[in-house]
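With chain A's structure known, arrange chain B on it following the hints.
The listed protein sequences derive, respectively, from chains A and B. Be aware that the first sequence starts at 177, since it is given in the numbering used here, and climbs by one per residue. Be aware that the second sequence starts at 177, since it is given in the numbering used here, and climbs by one per residue.
Hints are all accurate, no fakes.
Given that identical chains are not distinguished, each listed pair holds provided it fits within a single copy or across any two copies.
Result set (DSS-like, lysine-lysine): computed pairs, CA atoms no more than 30 Å apart in a straight line:
hint: 1; residue 1: Lys292; residue 2: Lys200
hint: 2; residue 1: Lys410; residue 2: Lys341
hint: 3; residue 1: Lys348; residue 2: Lys468
hint: 4; residue 1: Lys320; residue 2: Lys292
Everything labelled a hint here was simulated from the structure, so no lab data went into it. On a predicted model such as this, the values are computed, not experimentally measured, just so you know.
Protein chains: 2
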Amino acid sequence: MALIFEVSEYQERLRKVKESMLRKGIQVLIVSDPANMNYLTGYDGWSFYVHQGLVIALDYDEPIWWGRGMDANGAKLTTWLKHDNIRPYADDYVQNVFKHPMSFVADILREMGWEKRHIGVEKDNYWFTGQCLDVLREELPQAKFHNATSLVNWIRTIKSPAEIKYIKEAAKVCEHVMKTAIDSIEVGRLESEAAANVYHAMIKGTDEFTGDHPAIFPIMPSNERTSAAHLGWKPDRKYAPGDIVLLELCGVRFRYHCPLSRTVYIGDPPKELKEIADVVIDGIAKTLDFIKPGVTAEEIEAKWREAISGSRVVKPSRLGYAFGLNYVPDWGEHTVSLRPGDKTIMKPGMTIHLMPGIWLDEFGFECSEPFLVTEKGCETFLNFPRKIFTK
Amino acid sequence: MALIFEVSEYQERLRKVKESMLRKGIQVLIVSDPANMNYLTGYDGWSFYVHQGLVIALDYDEPIWWGRGMDANGAKLTTWLKHDNIRPYADDYVQNVFKHPMSFVADILREMGWEKRHIGVEKDNYWFTGQCLDVLREELPQAKFHNATSLVNWIRTIKSPAEIKYIKEAAKVCEHVMKTAIDSIEVGRLESEAAANVYHAMIKGTDEFTGDHPAIFPIMPSNERTSAAHLGWKPDRKYAPGDIVLLELCGVRFRYHCPLSRTVYIGDPPKELKEIADVVIDGIAKTLDFIKPGVTAEEIEAKWREAISGSRVVKPSRLGYAFGLNYVPDWGEHTVSLRPGDKTIMKPGMTIHLMPGIWLDEFGFECSEPFLVTEKGCETFLNFPRKIFTK
Numbered sequence: 177m178a179l180i181f182e183v184s185e186y187q188e189r190l191r192k193v194k195e196s197m198l199r200k201g202i203q204v205l206i207v208s209d210p211a212n213m214n215y216l217t218g219y220d221g222w223s224f225y226v227h228q229g230l231v232i233a234l235d236y237d238e239p240i241w242w243g244r245g246m247d248a249n250g251a252k253l254t255t256w257l258k259h260d261n262i263r264p265y266a267d268d269y270v271q272n273v274f275k276h277p278m279s280f281v282a283d284i285l286r287e288m289g290w291e292k293r294h295i296g297v298e299k300d301n302y303w304f305t306g307q308c309l310d311v312l313r314e315e316l317p318q319a320k321f322h323n324a325t326s327l328v329n330w331i332r333t334i335k336s337p338a339e340i341k342y343i344k345e346a347a348k349v350c351e352h353v354m355k356t357a358i359d360s361i362e363v364g365r366l367e368s369e370a371a372a373n374v375y376h377a378m379i380k381g382t383d384e385f386t387g388d389h390p391a392i393f394p395i396m397p398s399n400e401r402t403s404a405a406h407l408g409w410k411p412d413r414k415y416a417p418g419d420i421v422l423l424e425l426c427g428v429r430f431r432y433h434c435p436l437s438r439t440v441y442i443g444d445p446p447k448e449l450k451e452i453a454d455v456v457i458d459g460i461a462k463t464l465d466f467i468k469p470g471v472t473a474e475e476i477e478a479k480w481r482e483a484i485s486g487s488r489v490v491k492p493s494r495l496g497y498a499f500g501l502n503y504v505p506d507w508g509e510h511t512v513s514l515r516p517g518d519k520t521i522m523k524p525g526m527t528i529h530l531m532p533g534i535w536l537d538e539f540g541f542e543c544s545e546p547f548l549v550t551e552k553g554c555e556t557f558l559n560f561p562r563k564i565f566t567k
Numbered sequence: 177m178a179l180i181f182e183v184s185e186y187q188e189r190l191r192k193v194k195e196s197m198l199r200k201g202i203q204v205l206i207v208s209d210p211a212n213m214n215y216l217t218g219y220d221g222w223s224f225y226v227h228q229g230l231v232i233a234l235d236y237d238e239p240i241w242w243g244r245g246m247d248a249n250g251a252k253l254t255t256w257l258k259h260d261n262i263r264p265y266a267d268d269y270v271q272n273v274f275k276h277p278m279s280f281v282a283d284i285l286r287e288m289g290w291e292k293r294h295i296g297v298e299k300d301n302y303w304f305t306g307q308c309l310d311v312l313r314e315e316l317p318q319a320k321f322h323n324a325t326s327l328v329n330w331i332r333t334i335k336s337p338a339e340i341k342y343i344k345e346a347a348k349v350c351e352h353v354m355k356t357a358i359d360s361i362e363v364g365r366l367e368s369e370a371a372a373n374v375y376h377a378m379i380k381g382t383d384e385f386t387g388d389h390p391a392i393f394p395i396m397p398s399n400e401r402t403s404a405a406h407l408g409w410k411p412d413r414k415y416a417p418g419d420i421v422l423l424e425l426c427g428v429r430f431r432y433h434c435p436l437s438r439t440v441y442i443g444d445p446p447k448e449l450k451e452i453a454d455v456v457i458d459g460i461a462k463t464l465d466f467i468k469p470g471v472t473a474e475e476i477e478a479k480w481r482e483a484i485s486g487s488r489v490v491k492p493s494r495l496g497y498a499f500g501l502n503y504v505p506d507w508g509e510h511t512v513s514l515r516p517g518d519k520t521i522m523k524p525g526m527t528i529h530l531m532p533g534i535w536l537d538e539f540g541f542e543c544s545e546p547f548l549v550t551e552k553g554c555e556t557f558l559n560f561p562r563k564i565f566t567k
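Bound conformation, chain A alone (with noise of 0.2 Å):
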């Protein structure tokens, strides 16, 4: 067992978690994210591209944990549970159209006597599929099912003191991986090599904090391809004069990502993009100082629009998203959304990536600020520079 939390600050989580479920009249929640798998028990494994999962009951202490046979080992060797409390399935369960892991946790559920409950299911989430939820129906038709989706993120929401530092780290992390792929976008240099580079400083680290592997893989297109929000680099295109090249990228500390964007020109930058740039870097600037406890989502979305108006650029995409602990594809939280109707109010320990991205049709522009909201205001993780960088 490897923790790199106390254990108690996992029970508080567990805490909170019963707690929410307790007033949304849910009995066992059903966790197949791997992210609220790893906050709730420390598990922490590339084994999510098998069905798995927690159960948690109100009247249960632990959570169980449920994953293919061979994952077991794992889950011992990663979690705070009980061995009692790892419940793998026989490899056949593993794609198989003729057996479905949802049957083996409905035998769980069946042995635990909780088969007529209130249960909740992560109902939009990547891990928990159409056929999961038809399954659990088939084998539970005296159950009540309810949608959870993203009740433990929103948990997951307001970060510890523990989560912040990490967050911190993997700032630092971000810092260097940023610098790195300024450095590598040079005229005649393949846009793998510069990617290569990004990803090693990704996961090396510095030489104070090691490094992990990122939720979102670095998104670095260049040219035509920065119209588009989320496309990578092009292998075998070599970097030339009057090249535009966004960086989404982020460090990672322990699955806690620190994201950041910034845009580099080859050249002198024209001056369509040099006029975005412009109101882009006031408009973070502005929204930053309006952020703190209190006020809303939506609020702080009007006051960027407030900002920008009157220029030239338009954002109809949202303005930004809680970020934090997490694994492919996303390092996003699927809760607060910086947009209008979102009145999720700030509170301190929220983790906020500021993401202002502007894609036109034939080009993009990328500056971006992740920020803590704390007791008076809110502060960014880094101090990188906002502006364009030239080579």
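Just chain B now, kept in the frame of chain A:
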């Protein structure tokens, strides 16, 4: 538009998918798996963390791409589709409890007059959640839904010559990656530094072939962590004499993978490890000798069991699986599994990872071979020594 295959190859794949739909009584197929999206249209971006997909109808020529607004330019740049068939949704569909992207898909289906049809969904795919299923059922009460999990994946199982070429190039990258990993394991070196070197090799590739991002992170646990199948390196730990290290790695070329596993021991390997290695390596050779078109997946597994019978080696999990084109979280195709009950007949063009990983309670051993079924037998993609590598 920057495609890595001729448009005719994508169209041929689409034809085969429609043929399979017709056989199964499916008139409209909703594709959620990003690998299937790529396979049929070329679409390539890290945008699958929000709902996106294709709609394919028997009587409509092209697939319809649907996804988030900021990713539509990515679809225009990476697919062969007419721009009319790229259908972006507004940003407030993203992670919003009040609106779901499957309502947008239902809008498309109603607009096309397909709302009463037999509709296939990838029901047990990561990217098709329980919520997707319920929203579709509610939006389209007159439709008949079919489980089309892996329908496209089964078409992918037989690779074209152009695909095999990419996998062979990925194999060259994989060889470089494995050598880099073995070279990087040194007493006193941080595990994260070895992992960073592995990532660098995987992304940069060789002088001949650039690499790409992997669908599974480098699985390279040490010591007691080798008793589990899917643990990673331990960031802050340094290698020490007596370490056993598993390496389950890959090379990637334009999303086509070539996986490979080997085991490293620092020092003189203990007798038990050597005995297991001898049995497994002998079993691999005998199993590969047996494989040819016409034999079934379960017969291959039975041959393996015969080869290791009488030894102390027990292998309760499946012996291998189909691999190829993929995104996170898995390079496996979720079709063929080498195990009892799988009656899939081997055909030329199938690519399978023969992966007899052994995970005991104290340690593990891995040695694997990815192979291609040929006209007369099979050939491995690499010629990497099968042995315990010692340092």
